[in-house]
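Trainee: Sequence:
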Amino acid sequence: MHTSLPVLYSFRRCPYAMRARLAIAVSGIRCELREVVLRSKPPALLRVSPKGTVPVLVDTEGIVVEQSLDIMMWALRRNDPENWLTPEQRNLPSMLDLVAECDGAFKHHLDRYKYPQRYDCETGESWRDAAVDWLQSLETRLKSDAYLFGARPALADMAVAPFVRQFAHVDVEWFEQQPWPRLCQWLQTWKQSALFASVMNKYPAWQDGNPGQVFPLPQQAG
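The sequence shown begins at 846 in my numbering and counts up by one.
Just to be clear, a hint being listed does not mean it is correct.
Stated by the list, open to error - Here are the simulated BS3-like cross-link-like pairs (lysine-lysine), alpha carbons at most 27 Å apart as the crow flies:
id: 1; residue 1: Lys952; residue 2: Lys886
id: 2; residue 1: Lys896; residue 2: Lys952
id: 3; residue 1: Lys1047; residue 2: Lys886
id: 4; residue 1: Lys1047; residue 2: Lys1036
id: 5; residue 1: Lys1036; residue 2: Lys959
id: 6; residue 1: Lys1047; residue 2: Lys952
id: 7; residue 1: Lys1036; residue 2: Lys952
id: 8; residue 1: Lys988; residue 2: Lys1047
Unchecked claim - Label-pair restraints from in silico Cβ distances:
id: 9; residue 1: Asp1016; residue 2: Thr905; range: 37 to 45 Å
id: 10; residue 1: Ser982; residue 2: Ala1042; range: 27 to 35 Å
id: 11; residue 1: Gly897; residue 2: His953; range: 19 to 27 Å
id: 12; residue 1: Ala945; residue 2: Glu970; range: 34 to 42 Å
id: 13; residue 1: Gln981; residue 2: His1014; range: 33 to 41 Å
id: 14; residue 1: Arg1010; residue 2: Asp965; range: 43 to 51 Å
id: 15; residue 1: Leu883; residue 2: His1014; range: 14 to 22 Å
id: 16; residue 1: Ser989; residue 2: Thr905; range: 40 to 48 Å
id: 17; residue 1: Lys1047; residue 2: Glu1021; range: 21 to 29 Å
id: 18; residue 1: Asp965; residue 2: Glu933; range: 39 to 47 Å
Honestly, the hints are just simulated from the structure, not real lab data. Predicted, not measured: the structure shown is a model, and the values here were computed from it. Note that the Cβ used here is the ideal one computed from N, Cα and C, for glycine as well.
Produce the entire structure from the sequences given, and follow the hints as far as they go.
Mentor: Written as structure tokens, this is what we have:
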């Protein structure tokens, strides 16, 4: 399948899809965004990616990229105007290590905190508490700089923030009462950014045979 634009299957609130959209938006690479309703997945998505999860990117040559971090790398290796791949402190492998921690143990705890019934848990509080040490490690990183790897945002911030946001939103009052003021400020700064606003626009669910939404919009690119 050859297309004039890469195609991105996405779901607005999914943190994995969110991180992919952030990287594509900052890169300025135009794509066709297809908003997916997860309870009614379009056949076109299932044809290119039978697992049926988002995000999924199909490039103009028909190559399928199914992992959110791989989509971020795909976009940023083509254009990285804000140097997300080259943080002020340390390096890309160090950032990828932190993202792996987020996607591993932290995501495990987050799922059970947010959806305890899915995992036969009476409450999610024990899972919330299990995630505290990792969140505290982010607070420690932020003691000397505004972002996780220096004074400016980089890939790690954008890959991790959607999941911290999801965790915080389970119980905002509890989250904001914890001893991590720098983490709260980091999250708030990200949520108030023009980039975040640009990737959170609402689009109607895409239907097979219809054109998708050009993304990012011209004023959002770069």
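Trainee: Decide, hint by hint, whether the structure agrees.
Mentor: Against the structure, the hints come out as follows:
1. Lys952 to Lys886: Satisfied, since the Cα-Cα distance of roughly 24 Å is no more than 27 Å.
2. Lys896 to Lys952: Answer holds: Lys896 to Lys952 is near 19 Å, not above 27 Å.
3. Lys1047 to Lys886: Holds. Lys1047 to Lys886 sits at ~18 Å (cutoff 27 Å).
4. Lys1047 to Lys1036: 16 Å, holds
5. Lys1036 to Lys959: This hinted pair holds, its Cα atoms lying about 20 Å apart.
6. Lys1047 to Lys952: 25 Å, holds
7. Lys1036 to Lys952: Holds: Lys1036 and Lys952 sit about 20 Å apart, inside 27 Å.
8. Lys988 to Lys1047: Violated, at about 35 Å.
9. Asp1016 to Thr905: 37 to 45 Å: 43 Å, holds
10. Ser982 to Ala1042: 27 to 35 Å: 28 Å, holds
11. Gly897 to His953: 19 to 27 Å: 21 Å, holds
12. Ala945 to Glu970: 34 to 42 Å: The hint (34 to 42 Å, Cβ to Cβ) is violated, given that Ala945 and Glu970 are roughly 26 Å apart.
13. Gln981 to His1014: 33 to 41 Å: 19 Å, violated
14. Arg1010 to Asp965: 43 to 51 Å: 26 Å, violated
15. Leu883 to His1014: 14 to 22 Å: Because 18 Å falls inside the window, the suggested range holds.
16. Ser989 to Thr905: 40 to 48 Å: Holds: the Cβ-Cβ distance is about 42 Å, inside 40 to 48 Å.
17. Lys1047 to Glu1021: 21 to 29 Å: 26 Å, holds
18. Asp965 to Glu933: 39 to 47 Å: 44 Å, holds
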